[in-house]
Amino acid sequence: DAKTTQPPSMDCAEGRAANLPCNHSTISGNEYVYWYRQIHSQGPQYIIHGLKNNETNEMASLIITEDRKSSTLILPHATLRDTAVYYCIVRAMDSSYKLIFGSGTRLLVRP
Amino acid sequence: NAGVMQNPRHLVRRRGQEARLRCSPMKGHSHVYWYRQLPEEGLKFMVYLQKENIIDESGMPKERFSAEFPKEGPSILRIQQVVRGDSAAYFCASAPGNTIYFGEGSWLTVV
Numbered sequence: 001d002a003k004t005t006q007p008p009s010m011d012c013a014e015g016r017a018a019n020l021p022c023n024h025s026t027i028s029g030n031e032y033v034y035w036y037r038q039i040h041s042q043g044p045q046y047i048i049h050g051l052k053n054n055e056t057n058e059m060a061s062l063i064i065t066e067d068r069k070s071s072t073l074i075l076p077h078a079t080l081r082d083t084a085v086y087y088c089i090v091r092a093m094d095s096s097y098k099l100i101f102g103s104g105t106r107l108l109v110r111p
Numbered sequence: 112n113a114g115v116m117q118n119p120r121h122l123v124r125r126r127g128q129e130a131r132l133r134c135s136p137m138k139g140h141s142h143v144y145w146y147r148q149l150p151e152e153g154l155k156f157m158v159y160l161q162k163e164n165i166i167d168e169s170g171m172p173k174e175r176f177s178a179e180f181p182k183e184g185p186s187i188l189r190i191q192q193v194v195r196g197d198s199a200a201y202f203c204a205s206a207p208g209n210t211i212y213f214g215e216g217s218w219l220t221v222v
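Top line first, the protein sequences correspond to chains F and B. According to my numbering, the residues represented by the first sequence are 1 to 111, in order. According to my numbering, the residues represented by the second sequence are 112 to 222, in order.
Think of the hints as simulated: they come from the structure by calculation, not from any bench. Built from N, CA and C at the ideal position, the CB exists for glycine as well. Please note that a few of the clues may not be correct.
Label-pair restraints from in silico Cβ distances [unchecked claim]:
#1 Glu14(F) <-> Arg133(B): 35 to 41 Å
#2 Val194(B) <-> Glu14(F): 39 to 45 Å
#3 Arg125(B) <-> Asn57(F): 30 to 36 Å
#4 Met93(F) <-> Glu183(B): 25 to 31 Å
#5 Gly114(B) <-> Asn54(F): 26 to 32 Å
#6 Pro8(F) <-> Thr210(B): 24 to 30 Å
#7 Arg125(B) <-> Met59(F): 38 to 44 Å
#8 His121(B) <-> Asn54(F): 39 to 45 Å
#9 Val194(B) <-> Thr56(F): 33 to 39 Å
Only part of the chain B face toward chain F is listed, based on derived beta-carbon distances under 10 Å [stated by the list, open to error]:
#10 Val115
#11 Tyr159
#12 Ile166
#13 Asp167
To spell it out: a stretch of chain B is covered by chain F in this simulated footprint if at least three of its residues, at any positions, have a beta carbon under 8 Å from a beta carbon of chain F; those stretches are [stated by the list, open to error]:
#14 121-134
#15 175-181
Isolated chain F, as found in the complex:
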């Protein structure tokens, strides 16, 4: 079962920041927070991941709270092409390394 909780849907205006929350209150010390997105009929796309420090790349920023029980993915300037389902995933670094997907957040970017 997924170890994260996300709102089922959100929307934001094009050009504005999209802030997608995720709760992972049972996260363990060796578990990372990963974000993927899936645009309709495409494969999941890796966005970003982090352990405890905030992370930023060309796609997004990841803010992890100090207690690591929640995080926020920030798309700084959302475009229509960012409309997708966004998955927050906690991934244990055990021998399997698999990703367990939950229901995600369906983000709609409005013109």
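Using the hints provided, position chain B relative to the given structure of chain F.
Okay, now just chain B, sitting in the frame of chain F:
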């Protein structure tokens, strides 16, 4: 999606036939994962393989499904005696370590 190649992209099979889906991981990646996505549902983990070894098959149906990742060549997901409920998108992913990259998927339709 960074070079994970899946084929065929679309496959139609009659009930009772066999389906073979192929996945070529990114160059240098020795870990392969298979996921299934039923219509209007989330991604479900099926199996994790390394070269010539099945590491975790906890998500594989007990019958008719098998997977391999030979020393040479692509990973193969094989579905024998397909039924209509097997109609889904099948995604392959590969990883060198911390980050998993997905292919664009193979869409199986059973008629």
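Results for each hint:
1. Glu14(F) <-> Arg133(B): 35 to 41 Å: holds, 39 Å
2. Val194(B) <-> Glu14(F): 39 to 45 Å: holds, 43 Å
3. Arg125(B) <-> Asn57(F): 30 to 36 Å: At roughly 45 Å between Cβ atoms, Asn57(F) and Arg125(B) fall outside 30 to 36 Å, so the hint is violated.
4. Met93(F) <-> Glu183(B): 25 to 31 Å: holds, 29 Å
5. Gly114(B) <-> Asn54(F): 26 to 32 Å: holds, 29 Å
6. Pro8(F) <-> Thr210(B): 24 to 30 Å: holds, 26 Å
7. Arg125(B) <-> Met59(F): 38 to 44 Å: About 42 Å separates the Cβ atoms of Arg125(B) and Met59(F), which means 38 to 44 Å holds.
8. His121(B) <-> Asn54(F): 39 to 45 Å: holds, 41 Å
9. Val194(B) <-> Thr56(F): 33 to 39 Å: At 46 Å between Cβs, range violated.
10. Val115: Holds - the Cβ of Val115(B) comes within 10 Å of chain F, reaching about 8 Å at its closest.
11. Tyr159: holds, 6 Å
12. Ile166: holds, 6 Å
13. Asp167: Asp167(B) check passes; min Cβ-Cβ to chain F is 4 Å, inside 10 Å.
14. 121-134: violated (count 0)
15. 175-181: Our answer is that it is violated, as 0 residues pass the Cβ test (under 8 Å) against chain F, missing three.
The earlier numbered hints that this structure contradicts are 3, 9, 14 and 15.
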